[in-house]
Amino acid sequence: MKNVLTIIKKEFNRFFKDRRMVITVLLPGLLIYALYSLMGTAMSDLGKVDEDYKPTVCVVNLPEMLSEPFGAAFELTEGTAEECKTKVEEGALDTLVVFPENFTAELAEGRTPEVKVYYNSAKDNSYFAFSMVSGMLDAVNKTAFTVNSSQDKFDLANEKDMTAQITSMLVPMLMFALLSSACMAVAPESIAGEKERGTMATMLITPVNRVEIALGKIISLTCFAMLSGISSFLGVMFSLPKLMGGVITAETAALYSVGDWFMVLAVIISVVLVIISAFAVLSAYAKSVKEAGSIITPLMMVIILLGMVSMFFSSVPPLGLYAVPLLGSGLAMSSIMSFTITPAAIILSVLSNLVTAALLVVLLGFMFKSEKIMFKK
Amino acid sequence: MQEILVANNLRKSFKLSAKQRKLEKTDVAVKEAVKDLSFTAYKGEIFGLLGPNGAGKTTTLRMLATLIKPDSGDALIEGKSILADCNDVRRRIGFLTSELKLEDFFTPDYLFDFFGSLYGVDKTELSNRKRTLFSRFGIDRFAEVKFGNLSTGMKQKVSLVVSIVHDPELVIFDEPTNGLDVITAKVVTDFLEELRRDGKTIILSTHIFSLVEKLCDRVGIIIDGRMIKLDTLENLTRDANLEETFFAIYNEVTGGRL
Chain A
1 MKNVLTIIKK EFNRFFKDRR MVITVLLPGL LIYALYSLMG TAMSDLGKVD
51 EDYKPTVCVV NLPEMLSEPF GAAFELTEGT AEECKTKVEE GALDTLVVFP
101 ENFTAELAEG RTPEVKVYYN SAKDNSYFAF SMVSGMLDAV NKTAFTVNSS
151 QDKFDLANEK DMTAQITSML VPMLMFALLS SACMAVAPES IAGEKERGTM
201 ATMLITPVNR VEIALGKIIS LTCFAMLSGI SSFLGVMFSL PKLMGGVITA
251 ETAALYSVGD WFMVLAVIIS VVLVIISAFA VLSAYAKSVK EAGSIITPLM
301 MVIILLGMVS MFFSSVPPLG LYAVPLLGSG LAMSSIMSFT ITPAAIILSV
351 LSNLVTAALL VVLLGFMFKS EKIMFKK
Chain B
1001 MQEILVANNL RKSFKLSAKQ RKLEKTDVAV KEAVKDLSFT AYKGEIFGLL
1051 GPNGAGKTTT LRMLATLIKP DSGDALIEGK SILADCNDVR RRIGFLTSEL
1101 KLEDFFTPDY LFDFFGSLYG VDKTELSNRK RTLFSRFGID RFAEVKFGNL
1151 STGMKQKVSL VVSIVHDPEL VIFDEPTNGL DVITAKVVTD FLEELRRDGK
1201 TIILSTHIFS LVEKLCDRVG IIIDGRMIKL DTLENLTRDA NLEETFFAIY
1251 NEVTGGRL
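Chains A and B, in that order, give the protein sequences. Taking our numbering, the leading residue of the first sequence gets 1, the next gets one more, and so forth. Taking our numbering, the leading residue of the second sequence gets 1001, the next gets one more, and so forth.
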């Protein structure tokens, strides 16, 4: 164990004393926060119209029955249809509404007269006015009955359920994507890089057991990837309220208990162990950092896909699935976030990852022993 | 005389890629780098392995250092097999070759401690050895400079010092003076003599005749993977100097092919 510690200490020294490495790992979190917040702000500004805005509308042949509501909602102007169309096109007028001459009579005879509403979808105000006009006309149309027109609360989902549904779908997918890119940032450099630079060979002529070298590397890399993963995760979580525009609020985190977050952390650590070990094995096989990158990319895509699979389970998945490494972790994260996790499921998912990681560490140890793998040119 | 290293019938072959086969104009898929090599090195001697590039010197040394395994044959270092007791062998040898690099990011001071710890050297002993070796090679002034920022000569000195951090009985040096200026080269060769005086056994692989003449007690001449001649330096240079002897043997074996 002493050798494992020595190797961990060396890796930590290598990592934390190199400002560039620390920045590469922590920067994604900051960038994600800045980017998502910007995107969120831009998206919520899109199509936003001042609530007190009163659209200017030109109405041709306004029927008597609608003159009152139209007069209240819009700034009405006069003009011919052709003139007004040009104005709408230019943005000088929001909407042009043309009723047939005998609109009321046609309605009474049970025919369906056509009301033409001209608008300019490139202008937010015009689109807003169009929606208002269509809404009012719909209301006239549906005189027989209405749906949900009163002020009652019809969507009976509570805030907790809604948030749970969204986070349970988002978190596994995001975490798998963020964690695998975090692992990608550290594993090839530390294993394939050392092999490429010939510094791994220097370590291999010492009497240290190969599995100890593998274990020391994996434990340190897991810590670095966790740092990067957590930084990215915080970036996402803090920017989500802005990105999702109110669906997820800053109070979301408070919906989950400390126990829930600990379970998520346990799953995440076990996931990082598996991903790092798998990437390390591929890096050890590669001749260079560059080659390692290209070998790992397909696996990384599969891992991200596994994170998305949990989105497709509408009901509670069978317990056996939790025992599948990585897939089970995605399901477990999803279940924790939707408050449906069972102790058996969480234990199975974490345990299956730990066993897989242990097997991969032993495999890595064997690879370090193989001259064909370590010294092929 | 106490036997420190006994190599018995070492063989090693490598697969040739299609490209290499084309370059070497051969249809043979496997190249035998070392063919049935046997020799013994005794305590307190400098044993020279002399041969041209590609003769199999480095492959032999890599087998002795347990970096690669022989296809057949074995070698015993202080009675420990390079096949069966890898870790015991590793504890007993120091290996210096250009293939083994140190991380540019770390300082000589850190590297010495790190490898000392991996070899399980006691802390007080490690600190004493560091003080002695660092001042012996003038590394003390550069102890806190990152390895990557050191000059070529200083890098070689640090590599040498790190390779013997655990005070091994057998030291294997592969072309230790390559690329060094005359002054640094002299520091290295003087140190090899010092190690011999301390009773250490040294295997020195080189193609520089003067170095062999200056240092070695016994010499093995390797050509094309075989040990063609093994004798004391005295016997080899009785009638002619080492260079003339070598070329006479080389021409005899290869028919003067270059």
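Read the hints as simulated data drawn from the structure, not as lab findings. Keep in mind it's a predicted model, so treat the numbers as computed, not measured. Take the hints with a grain of salt, since some may be wrong.
27 Å max Cα-Cα, derived DSS-like pairs, lysine-lysine [to be verified]:
#1 Lys376(A) <-> Lys1015(B)
#2 Lys2(A) <-> Lys54(A)
#3 Lys2(A) <-> Lys1025(B)
#4 Lys287(A) <-> Lys1080(B)
#5 Lys1080(B) <-> Lys17(A)
#6 Lys1155(B) <-> Lys287(A)
#7 Lys372(A) <-> Lys287(A)
#8 Lys372(A) <-> Lys1146(B)
#9 Lys17(A) <-> Lys1101(B)
#10 Lys1019(B) <-> Lys290(A)
#11 Lys1025(B) <-> Lys1015(B)
#12 Lys1101(B) <-> Lys1022(B)
#13 Lys369(A) <-> Lys1186(B)
#14 Lys1069(B) <-> Lys376(A)
We went through each hint and held it up to the structure:
Distance hint between Lys376(A) and Lys1015(B) is fulfilled; the C-alpha atoms sit about 11 Å from each other, no more than 27 Å. Distance hint between Lys2(A) and Lys54(A) is unfulfilled; the C-alpha atoms sit about 76 Å from each other, more than 27 Å. Our distance criterion of 27 Å between C-alpha atoms is broken by Lys2(A) and Lys1025(B), whose separation comes to about 51 Å. Pair hint Lys287(A) plus Lys1080(B) does not hold up; C-alpha atoms about 32 Å apart against a cutoff of 27 Å.
Distance hint between Lys1080(B) and Lys17(A) is unfulfilled; the C-alpha atoms sit about 40 Å from each other, more than 27 Å. The hinted pair formed by Lys1155(B) and Lys287(A) meets the criterion: a straight-line CA distance of about 25 Å does not exceed 27 Å. Under the criterion of a C-alpha separation no larger than 27 Å, the hint pairing Lys372(A) with Lys287(A) is consistent with the structure, at around 11 Å. At roughly 32 Å between alpha-carbon atoms, Lys372(A) and Lys1146(B) are farther apart than 27 Å, so this suggested pair is violated.
Restraint check: the Cα-Cα separation between Lys17(A) and Lys1101(B) comes to about 20 Å, which is no more than 27 Å; the hinted pair holds. Taking the CA atoms of Lys1019(B) and Lys290(A), the gap is near 22 Å; set against the 27 Å cutoff, the hint holds. Distance restraint check for Lys1025(B) and Lys1015(B): the Cα-Cα separation of roughly 15 Å lies within the 27 Å cut-off, and the hinted pair is therefore satisfied. Distance restraint check for Lys1101(B) and Lys1022(B): the Cα-Cα separation of roughly 31 Å exceeds the 27 Å cut-off, and the hinted pair is therefore not satisfied.
Our distance criterion of 27 Å between C-alpha atoms is broken by Lys369(A) and Lys1186(B), whose separation comes to about 36 Å. Restraint check for Lys1069(B) and Lys376(A): the C-alpha separation of about 14 Å stays at or below 27 Å, so the hint holds.
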